[in-house]
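Quick one: dock chain against chain with the hints and give me the complex.
Residues per chain are reported as follows:
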Amino acid sequence: MRVLVVDDEPIVLKSCRLVLEAEGWEVVSAASVEEALSLLESITPDLLLIDVKMPVHDGMYLMRQVKERKPGIPIIVMSGYPTRETISKAEDLGAAIFLPKPFTPDELADTLRSVAIIKSQDE
Amino acid sequence: MFYSTRSKLLAGFLGVTLLVGAVSLFIGVHLIDQNVFGEALNRVQQDLSAANEMYLTRVKQVKTSLSITTLGFAFVSSVSERKTTDLVIRLERMARLAELDFAGIATEDGRTLCRMGPYSFPGPASRGVNPLVKVVLERRVAVSGTMVLDRDALISENPELAERARIPLSPRPEGDAGSAHEESAGMVIAAAVPIFDGDTLVGVLYGGILLNRSEALVDTVRETVFQGETYQERSVGSSTIFLNDVRIATNIYGPDGRRALGTRVSPEVKEYVLDQGKLWADRAYVVSNWYITAYRPIEDIFGHRVGMLYVGVLEEKFARVRAQALKMFILITLAGMLLAAAAGVFIARRITLPIQRLIRASQQVSEGSLNPELGPPANSEIGVLQKAFGEMVAAVGRRRAASELRIIQSEKQASVGRLAAGVAHEINNPLTGVLTYTHMLLRRKDITSDIRSDLQIIAEATERVRKIVKGLLDFSRQTKLDPEAADVNRLVGAAISLVENQALVKGVAINFHPGDNLPLVTLDRSQIQSVIINIIINALDATEPGGHIRIFTAASLSGNGAAQEGIEITFADSGCGITPENLNKLFDPFFTTKGVGQGTGLGLSVSLGIVQRHGGHIRVQSEVGKGSRFFVWLPVDRRAEHESVGG
Numbered sequence: 354m355r356v357l358v359v360d361d362e363p364i365v366l367k368s369c370r371l372v373l374e375a376e377g378w379e380v381v382s383a384a385s386v387e388e389a390l391s392l393l394e395s396i397t398p399d400l401l402l403i404d405v406k407m408p409v410h411d412g413m414y415l416m417r418q419v420k421e422r423k424p425g426i427p428i429i430v431m432s433g434y435p436t437r438e439t440i441s442k443a444e445d446l447g448a449a450i451f452l453p454k455p456f457t458p459d460e461l462a463d464t465l466r467s468v469a470i471i472k473s474q475d476e
Numbered sequence: 026m027f028y029s030t031r032s033k034l035l036a037g038f039l040g041v042t043l044l045v046g047a048v049s050l051f052i053g054v055h056l057i058d059q060n061v062f063g064e065a066l067n068r069v070q071q072d073l074s075a076a077n078e079m080y081l082t083r084v085k086q087v088k089t090s091l092s093i094t095t096l097g098f099a100f101v102s103s104v105s106e107r108k109t110t111d112l113v114i115r116l117e118r119m120a121r122l123a124e125l126d127f128a129g130i131a132t133e134d135g136r137t138l139c140r141m142g143p144y145s146f147p148g149p150a151s152r153g154v155n156p157l158v159k160v161v162l163e164r165r166v167a168v169s170g171t172m173v174l175d176r177d178a179l180i181s182e183n184p185e186l187a188e189r190a191r192i193p194l195s196p197r198p199e200g201d202a203g204s205a206h207e208e209s210a211g212m213v214i215a216a217a218v219p220i221f222d223g224d225t226l227v228g229v230l231y232g233g234i235l236l237n238r239s240e241a242l243v244d245t246v247r248e249t250v251f252q253g254e255t256y257q258e259r260s261v262g263s264s265t266i267f268l269n270d271v272r273i274a275t276n277i278y279g280p281d282g283r284r285a286l287g288t289r290v291s292p293e294v295k296e297y298v299l300d301q302g303k304l305w306a307d308r309a310y311v312v313s314n315w316y317i318t319a320y321r322p323i324e325d326i327f328g329h330r331v332g333m334l335y336v337g338v339l340e341e342k343f344a345r346v347r348a349q350a351l352k353m354f355i356l357i358t359l360a361g362m363l364l365a366a367a368a369g370v371f372i373a374r375r376i377t378l379p380i381q382r383l384i385r386a387s388q389q390v391s392e393g394s395l396n397p398e399l400g401p402p403a404n405s406e407i408g409v410l411q412k413a414f415g416e417m418v419a420a421v422g423r424r425r426a427a428s429e430l431r432i433i434q435s436e437k438q439a440s441v442g443r444l445a446a447g448v449a450h451e452i453n454n455p456l457t458g459v460l461t462y463t464h465m466l467l468r469r470k471d472i473t474s475d476i477r478s479d480l481q482i483i484a485e486a487t488e489r490v491r492k493i494v495k496g497l498l499d500f501s502r503q504t505k506l507d508p509e510a511a512d513v514n515r516l517v518g519a520a521i522s523l524v525e526n527q528a529l530v531k532g533v534a535i536n537f538h539p540g541d542n543l544p545l546v547t548l549d550r551s552q553i554q555s556v557i558i559n560i561i562i563n564a565l566d567a568t569e570p571g572g573h574i575r576i577f578t579a580a581s582l583s584g585n586g587a588a589q590e591g592i593e594i595t596f597a598d599s600g601c602g603i604t605p606e607n608l609n610k611l612f613d614p615f616f617t618t619k620g621v622g623q624g625t626g627l628g629l630s631v632s633l634g635i636v637q638r639h640g641g642h643i644r645v646q647s648e649v650g651k652g653s654r655f656f657v658w659l660p661v662d663r664r665a666e667h668e669s670v671g672g
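Which chain is which? The protein sequence lines are A and B, in order.
Per the numbering used here, the very first residue in the first sequence carries number 354; after that it's consecutive.
Per the numbering used here, the very first residue in the second sequence carries number 26; after that it's consecutive.
So that you can see chain B by itself, here it is in the shape it has in the complex (with noise of 0.2 Å):
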């Protein structure tokens, strides 16, 4: 309960600082993920572009090894002449300048006049039209460009080659079980030159390169494209040429350390790329690895789709980079929600500091202190709220002081009263009995003069006693009030008219300066005319002779906190004053300055007692040597009867 403020700013803090952390890393993810994995599809489609020039680069360079040959002049004649010794000498030395696997020359008419390898002269039964020769025949110019040629092409050109085409296939994972289990066909980079002597075409001179387990072209891409950057000892680059779905030339590196050949490419990927001829881009699981990849569809020369260009990187060395971003920037995201929530907690204290204090103080104020410990002002609402709680502890103390004294007043005036009443009671049967007694003895003849006197005496004494235990009982007696509206001036004048005559005797001059339109009281007539009785006389006794009393009547509001409408009626005197020390005990039940039998201490206290039961007040403010004021506040609306003091 205590710290609930406190603890629901902070959450409040926190909870914003936690949802604005969680979007910024959320976002942040999402950015770096996409940056970094859209760069690393760049770069791997840029490094299949680059893949795709060297191909062509070698396509090329076959082709202009093949067209430069037909150009020199002893080829030709050796062509024309079928000079195939020579020729024979000449295409193998041509075949290791130009790094071909194959090479040969053909007729006009299409059979094969001379290769090299072991079947350097074919007979005339030998199989039939080669297709590139066939297509130089046909457009007669040179041609070049991917072909597949099937196991027996590639044994009438050079058994060596057919079996190094051979790549045994790795099962598929879904057990194709129709499928073959070893890819025997061959896919070459291969080009075919018409050979003029003159104008004539006496020739059509081909060769090319098997990419099947070839390793050159796939790791020159490597070395160049990729610079042979590793990551944890493994290439980061790698580069494949699919036949069909299957590696034919790969430098990617199955679980046993071996190059993956004969594995196949994944459904997706087939389809996308190898039927639609689309090129793909995007992250793949590649034999071992999750590699960066992209694949382009490889055609031949006839335009169809035999076969892929992969390369790839390994996802790996990006999602390195992309963890040390997303590190560094979770980092910066909870070094600023840490330094967030430290300012929350600042802030909260700051705000709720102020307010704790108020607490504790109002706990001291609970306990009894009416002096807490406010702390410093604070600067804001609160700073409002502390300076109107001070102020209403303030109020709290005057008003409290207030009524304790009217508590202590009425306590005393509470217990003095039953006192009385009960020793009034006792003592009337009794004193009955005195006054029957004496009166009854003074009645007898037969008494001398000086008893006479002395019983006089008696009965005098008993009269006092009898008029004390009378005072006693009016002030016990505690009748309840007989309000009625009255008009204060004229129950004051009433009032002046039963003392005056007492004032004229002493030579005090009573002066009365009636305020104007003042509102009815509600009041006890009878009750307030023996309080304003009670003043003056007292006032009387305390002026000497040829000074004077003066009484005003106003409306006032009441002076102790709560504005009360009412009036007050100021008595001044121009006595002889009240010491300091007697103004403190002027309420006191039995508190007189009067001599032995002029007053029984009880008439100032009754009428206090009267006044509070009216909801009024009496102050006292005096001068000794200068006079007394007296000033007696009443209610115009009596808000609720001050309860019977006594009973």
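The shape of chain A in the complex, shown without the other chains (with noise of 0.2 Å):
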């Protein structure tokens, strides 16, 4: 299972690739938007974590161009304020479930496995 992470903290990138390879994911990690837009041209990722506030274009920017390009894959959106309308508002573009930051490797773990389970029952 592949997973593609953006984030423009490299803490956190660096975190969560620490996490979820010893989960046994394959994460490829984009700093920016245009980053990760890039590296969608070749590669499907199983999987799209990604932050809402980013410098350029942010999160909600990403999952519009994703849905559009690659509708399909689901989005697990994660951020540092999480405020009742962030949440929503990533919830109406199509967000699989929203992470509030800060997590705990096992809160990263579960949430992604989750994920992933309604995926595969999807399809």
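Source of the hints: derived by calculation from the structure; they are not laboratory data.
Yeah, the Cβ is synthetic: ideal placement off N, Cα and C, and Gly gets one too.
Some hints here could point you the wrong way.
What the hints assert, rightly or not - Here are the computed distance ranges between Cβ atoms for each label pair:
id, chain 1, residue 1, chain 2, residue 2, range
1, A, Glu460, B, Met417, 56 to 62 Å
2, B, Leu529, A, Glu460, 29 to 35 Å
3, A, Glu460, B, Arg469, 17 to 23 Å
4, B, Glu509, A, Ala375, 44 to 50 Å
Said to hold, decoys possible - To give a feel for the contact side, a few chain B residues facing chain A, derived at Cβ under 8 Å:
id, residue
5, Arg191
6, Asn454
7, Thr457
8, Thr461
What the hints assert, rightly or not - Covered by chain B, according to a simulated footprint, are these stretches of chain A (three or more residues, beta-carbon under 8 Å):
id, region
9, 373-386
10, 391-402
11, 457-465
Dropping the structure here:
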């Protein structure tokens, strides 16, 4: 299973890579929305884990692009500012689940696992 | 603008005063005019009557003196015997005594026997019968009165008389070219008395006075009637005898200082008096002055109007009386108006002073003062206004104090909220790293137990940081309300059931006394529930085991000014209470009295924010050692959703 993690914060990228690779995920990371979009031209991940607040284009923009280009990939939205508005907006745009930062390795792993199970059930 | 009411009042007062003044002046002037003028007219008419009486007396005198003469025996025998020389002497004596201008005796056939003067003995060829004599001969009684004798008659009587009668006429203003330049006829007061010798008529005695140029009669009238009264060295009264419309005897003086003989009366008077035979009484311009005048016609023996008798009084004298009266009257009126105006100013000031004080007071209020000077209370409607204004300002003050408190509270929350949001967001990313690496390390099997316990401490500390940040975020999370109609009693009940276990563990009793018939309240259930839970947990923390918490609900009007329908939830605990200095900081973000790690100091601050967003408020009463009471008031209708604080 391959997951594309998008966050402008290197520590978050490194943390996710550490936790998820330990769980057996193939982790591809992108430090910006632009980088993620160019990566998505060559690869198709099973899951997307994206941050909301990023420079230039934000996670919401990326979600719209993904829904257009590669619909069907479940998206997990994570944010350090989990307001009700942000959560409902993410859900409106088709986020599978909202993951508030900070999270423990278990919380992260459990979230991805549950989304993956739902996806496999859908298929 | 500022003085417009006052000036309007003043203008009103002055306007009324002026109007009243003008009307009374108008009426006063009219009355004075009428009185003075009417009085003058009255007087002049009486004077004319007196003058007429004197004229008639003079006629009578002439007649009487002639009559007495005819009674003398010697005189009668002289006439009978035609002793003309003796008679002329007698005639002249009589004329001198009776002040006659002419006298004569005619025979019973009408011829003149003799007369006084230069032609004492006319020849038989003398002119016809004297008209006076003719009347006496026909009627056989004495006759007296006014007569006009033409020039020939005068000459035959005495050429001197004819000469005296001649009066040159002043040219008429309108230039009556056809009229004569001289009056040559004479107007006389005359009488004729039959002379009887026994029963036989032996002759007629006649005599008279020529009025032309005669000063005696008119001057006597002036002296007697007007008693020589003068005004500015001019005689006030005047008297005139007219032959037709020409002045033949007068004491009216022309501009040259001579008696205005030969001048004429105005056509109006002539028409009125001479032609129509009426009595004239009015003001008239006579020769060179205005007079209050009266004219009456003079009829001759035959009943023809041949002239006029006139008296007049200088109008100037009355004009002066009138002017004085007017002056006095105007002065009194003006003084009255001045007094009224002063009263107007005073009253306007009294009316407008409190209004101006109110205006100043409202300016003071608009400049920020809530304790404006209203001045002494007026005892009128303005006093009521003053009182209402004072009460209004006081109410505004109370409300402003309340809203200022709310604004300060809100701003505190807003700034802390913004800070918290920014900090939380930034902290959460590194916190993710800390959490991840700590837990990943803890998973490793190759670490010693003391390292593991150290890592455990890091993990727990980080967990605390995470909670604090979450609290901060909750505080700053200005979520919109999701309002729906709710039963407050059920909401409180549900909240209590969530904390019941905690209370049970601590040994604190929670008693709920729901109010009856409470209206539904529009509110955000989950947010208000968190408020209720927060306050109950605070109460639990403050209450020792064995204590109790009582919760009431009741319908209540809002306490701050506008009476608004709402519901109040009261939380009363038997806890330690809050010190007065802490009471003021109770709702400040991060204020807490709990131990480290026990509370973030955001709970009440967040609760207040939620209640305020519902349009409600929280009040606190507390007594150290006895317990605290929290009152949460919520409006039934949220009139205006209080804007979310911060963002």
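To see whether the hints hold, each was checked on the structure:
no.: 1; hint: A:Glu460 / B:Met417: 56 to 62 Å; verdict: holds (60 Å)
no.: 2; hint: B:Leu529 / A:Glu460: 29 to 35 Å; verdict: holds (31 Å)
no.: 3; hint: A:Glu460 / B:Arg469: 17 to 23 Å; verdict: holds (19 Å)
no.: 4; hint: B:Glu509 / A:Ala375: 44 to 50 Å; verdict: holds (46 Å)
no.: 5; hint: Arg191; verdict: violated (136 Å)
no.: 6; hint: Asn454; verdict: holds (4 Å)
no.: 7; hint: Thr457; verdict: holds (4 Å)
no.: 8; hint: Thr461; verdict: holds (4 Å)
no.: 9; hint: 373-386; verdict: violated (count 1)
no.: 10; hint: 391-402; verdict: violated (count 0)
no.: 11; hint: 457-465; verdict: holds (count 4)
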